[in-house]
Amino acid sequence: MDRIKTHPILGDTEEGKIVNFTYDGQTLQGIEGEPIAAALRVAGVMTHRYTAKKHEPRGVFCAIGRCTDCVMVVDGKPNIRTCITPLKEGMVVNTQYGASAEKEES
Amino acid sequence: MERYDLIVIGAGPAGLSAAIEAAKNGLKPIVFDENARPGGQLFKQIHKFFGSKEHKAKIRGFKIGDDLLAEASENGVQVVLNATVMGLYPEKEVTVKIGEEIHHYKGDSILTATGASENMVPFRGWTTPGVIGAGAAQTMMNLHHIKPGNKVLMLGSGNVGLVVSYQLLQAGCEVVAVVDAAPRIGGYGVHAAKIARCGVPFYLSNTIVEVTGDEAVDGVTIAEVDRNFQFIPGTEKHFEVDTVCVAVGLSPMAQLLKQAGCKMKDTPGGFIPECDEYGATSVPGIFAAGDVAGIEEASSAMIEGRIAGAAIANYLGYLDADGLKEKENSLEDALGSLRQGMFAPKNRGKLVTKTEEGIDTSMNLLEKGFVADDEIERYPGVTHTVGIHPVMECTQNIPCNPCQDACAKGCISIGANITSLPVVKNDVKCIGCGMCVASCSGQAIFLVDEDTGDGYGTVTLPYEFLPLPETGEKGIALGRDGKKVCEAEVVSVRSAKAFDHTNLLTIRVPSDMTMKARFYKRA
Amino acid sequence: MKDIQEKRKEIGPFIPGPDDDLLICRCEEVTKGEIRQAVHAGMFTIEEIRRFLRCGMGLCQGQTCGKLVKGIVARELQVSPAEIEPATSRAPMRPTEMRIMAKDGGDDRE
Chain H
1 MDRIKTHPIL GDTEEGKIVN FTYDGQTLQG IEGEPIAAAL RVAGVMTHRY TAKKHEPRGV
61 FCAIGRCTDC VMVVDGKPNI RTCITPLKEG MVVNTQYGAS AEKEES
Chain X
1 MERYDLIVIG AGPAGLSAAI EAAKNGLKPI VFDENARPGG QLFKQIHKFF GSKEHKAKIR
61 GFKIGDDLLA EASENGVQVV LNATVMGLYP EKEVTVKIGE EIHHYKGDSI LTATGASENM
121 VPFRGWTTPG VIGAGAAQTM MNLHHIKPGN KVLMLGSGNV GLVVSYQLLQ AGCEVVAVVD
181 AAPRIGGYGV HAAKIARCGV PFYLSNTIVE VTGDEAVDGV TIAEVDRNFQ FIPGTEKHFE
241 VDTVCVAVGL SPMAQLLKQA GCKMKDTPGG FIPECDEYGA TSVPGIFAAG DVAGIEEASS
301 AMIEGRIAGA AIANYLGYLD ADGLKEKENS LEDALGSLRQ GMFAPKNRGK LVTKTEEGID
361 TSMNLLEKGF VADDEIERYP GVTHTVGIHP VMECTQNIPC NPCQDACAKG CISIGANITS
421 LPVVKNDVKC IGCGMCVASC SGQAIFLVDE DTGDGYGTVT LPYEFLPLPE TGEKGIALGR
481 DGKKVCEAEV VSVRSAKAFD HTNLLTIRVP SDMTMKARFY KRA
Chain C
1 MKDIQEKRKE IGPFIPGPDD DLLICRCEEV TKGEIRQAVH AGMFTIEEIR RFLRCGMGLC
61 QGQTCGKLVK GIVARELQVS PAEIEPATSR APMRPTEMRI MAKDGGDDRE
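Residue numbers (full-length UniProt numbering), protein chains in the order written: chain H, 1 to 106; chain X, 1 to 523; chain C, 1 to 110.
Accuracy of the hints is not assured; some may be wrong.
With a cut-off of at most 27 Å between alpha-carbon atoms, the simulated DSS-like pairs for lysine-lysine come out as follows [unchecked claim]:
id, chain 1, residue 1, chain 2, residue 2
1, C, 67, H, 53
2, H, 5, X, 147
3, X, 327, H, 88
4, X, 147, H, 17
5, H, 5, X, 63
6, X, 258, C, 103
7, C, 32, H, 54
8, H, 5, X, 327
9, X, 497, X, 53
10, X, 92, C, 103
11, X, 409, X, 429
12, C, 67, X, 258
13, X, 53, X, 258
14, X, 325, X, 429
15, C, 103, X, 265
16, H, 53, C, 103
17, H, 88, H, 5
18, C, 103, X, 237
19, C, 32, X, 265
20, H, 54, C, 67
21, X, 92, X, 63
22, X, 521, X, 151
23, X, 521, X, 147
24, X, 474, X, 521
25, C, 7, X, 265
26, X, 106, X, 258
27, X, 484, X, 516
28, X, 346, C, 103
29, X, 474, H, 17
30, X, 346, X, 24
31, H, 5, X, 151
32, C, 103, H, 77
33, C, 32, X, 263
34, H, 5, X, 497
35, X, 92, X, 258
36, X, 53, X, 325
37, X, 350, C, 67
38, X, 106, C, 67
Simulated from the structure, these hints should not be mistaken for lab results.
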């Protein structure tokens, strides 16, 4: 999805500092301090995790840290709510399978 | 363990207002909020608020948020962010997670202002990435400046669904439909009309059958439902979308109060604490204000917060009974006026067939989102006269009156009752300044000159989209239903600081179209 | 609440529905059918159903499905949702790592 550069009410979006991070091994860019989920959405990433039982894809749902559907493995820690965790330079973000970053053998 | 006079849980409109009021009375409050920014949902509210001056009407929500934060800071209110309250105990102890540690605090009083969470409705495919809450859409576009999707279907026609649909259009997204299982639009008619005239169709008595797409949403099927909310076979409609937004109401987040042992009650509006008129719960010293005590608007939450703040000051001996009474009297009126009109709590879910003035309700507005051309003439704000004059398509009794003060000439009158429909006083000459157009939070006021002498006339309409049309360009005029009525030429585009980002677009259309043309689209 | 066996008789046997496979609890992946069956098996309170199926006990702590589960149970029991005994509210209100909880010394800390 696109970033909104100018908004009729909010005006011009302030330019933030561009940082690099890795998503499942690829290098992506985002704006420092924005939620990880925002940077991922701009990059077109919709699926953040696969569920433990039914292995179904999930992504951002509430965007305010309540529903926990957008959790991913961030810097080795699982269950990180990407919609409220600020993006930092060099973060390693991985799709979460169940509660781990490793795809389960099925 | 640290002790505070008042611990406020939640730095939204209710919590901050209570903390400010308490601080003004000499208490030292501390406010905890789990979010990285204070203000609750106010900073996502980019529309102009309803109400009157005392409710900060016609000011946009995020500006009200800024003002509230400034006031909190002036009064020495300490706000701790990224501080998640994990537990609340009857002895008025709270446990708060800050960083990597759990801290314990004791309050001589506690105000719970934890707000609400969004309701959800399950349907096939509701877990597919791309199905989001309306709040999520607001957060993405208004806080993080990203488009939630390109093509969006909105489920829910309450004020949240309507306002967020409009905001999606402002963010440059396409809204393919607003769908609601109810037979009538739940939110303000003026909010519906704003999106209907942009061409967004409403599907009432419809709901989602299925969202399609394996890894992400690629479409959604809706169908009509009968009175028992069962699908009617053969009525399915499919839309190609990448996002489905769900706005089916809010529920109070009152778990902390329940945990603290407050007496709770289950109401149609959610599971809420039993409170007196000051927000005091059954546990002495524990208060509640805002959505956690029953879903209302942010404007009401701020007043409830002020009342609770004063009551807490009284509870701890900082404010005497007379002082509290005085405060209560001044605030109760403001709160009471917000709870009047067609959308008053007592009218929830009811079909109101006549306005307070005895005028028939527009059924088109309730079912399709716009007042039909043959219905509009019956409202007192819609009149005809020679020369430029305001046409106020305000057809429901809602608590709002900024238009009355906007006109320096006194063309517009609402009167003492804040929910009355605005009346045009045609004996006063309109100068076409447009302040009324810009000040109407419902964007329901237009300046119309039915005949400029050459068989044409002009319509001035509120316009909050980008890119802004340019003077001289030609396009099409859309009717209240969002369908083309005629060709139109932009004759002026006015933007002024006083209009607060509501631009005034004046289009030239044939005279017989001046009462029909209500939006402009580039050709 | 009435005698459990009597109430079970009153609501009749579990009849499979077309949307029983609909997911209700997104965290613990519990379906509508599982919840309905639990009611017919004699679990009439949210507390029992939650312990049995884990719906509402995942990361989000029932934030999303709480109201939905209550609605399903009420419909199955043919009562208003207000009559369903709500689940207990207890800390922690938000997901927290155990190591953070474990460090909490309460009053004696510091």
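Between residue 32(C) and residue 263(X), is the straight-line Cα distance small enough, at 27 Å or below?
Violated, at roughly 30 Å.
Regarding the pair residue 53(H) and residue 103(C), is the alpha-carbon distance no greater than 27 Å?
Judged against 27 Å, a Cα distance of about 31 Å means the pair is violated.
Is residue 5(H) close enough to residue 63(X), meaning Cα to Cα at most 27 Å?
It holds: about 20 Å lies between the C-alpha atoms, which stays within 27 Å.
Just to be careful, I want the Cα atoms of residue 258(X) and residue 103(C) compared with a cutoff of 27 Å; is the pair within it?
holds, 26 Å
Between residue 5(H) and residue 497(X), is the straight-line Cα distance small enough, at 27 Å or below?
holds, 21 Å
Taken at face value, is the distance from the CA of residue 67(C) to the CA of residue 54(H) at most 27 Å?
Roughly 23 Å separates the two Cα atoms, so the pair holds.
Given hint residue 147(X) paired with residue 5(H) - CA-CA distance at most 27 Å
Holds, because 10 Å separates the two Cα atoms, which is no more than 27 Å.
Does residue 77(H) lie within 27 Å of residue 103(C) when you go C-alpha to C-alpha?
Holds. Residue 103(C) to residue 77(H) sits at ~19 Å (cutoff 27 Å).
Straight-line alpha-carbon gap residue 521(X) to residue 147(X), limit 27 Å:
holds, 21 Å
With the threshold set at 27 Å, check whether the alpha-carbon distance from residue 147(X) to residue 17(H) stays at or below it.
Distance ~19 Å between residue 147(X) and residue 17(H) Cα, so the pair holds.
Holds or violated: residue 5(H) with residue 327(X), Cα cutoff 27 Å?
It is violated: about 45 Å lies between the C-alpha atoms, which goes past 27 Å.
Take the C-alpha atoms of residue 103(C) and residue 237(X), compute the straight-line distance between them, and say whether it is at most 27 Å.
Violated: residue 103(C) and residue 237(X) sit about 55 Å apart, past 27 Å.
Of the numbered hints given earlier, the model fails hints 3, 8, 13, 14, 15, 16, 18, 21, 28, 29, 30, 33, 38; all others are met.
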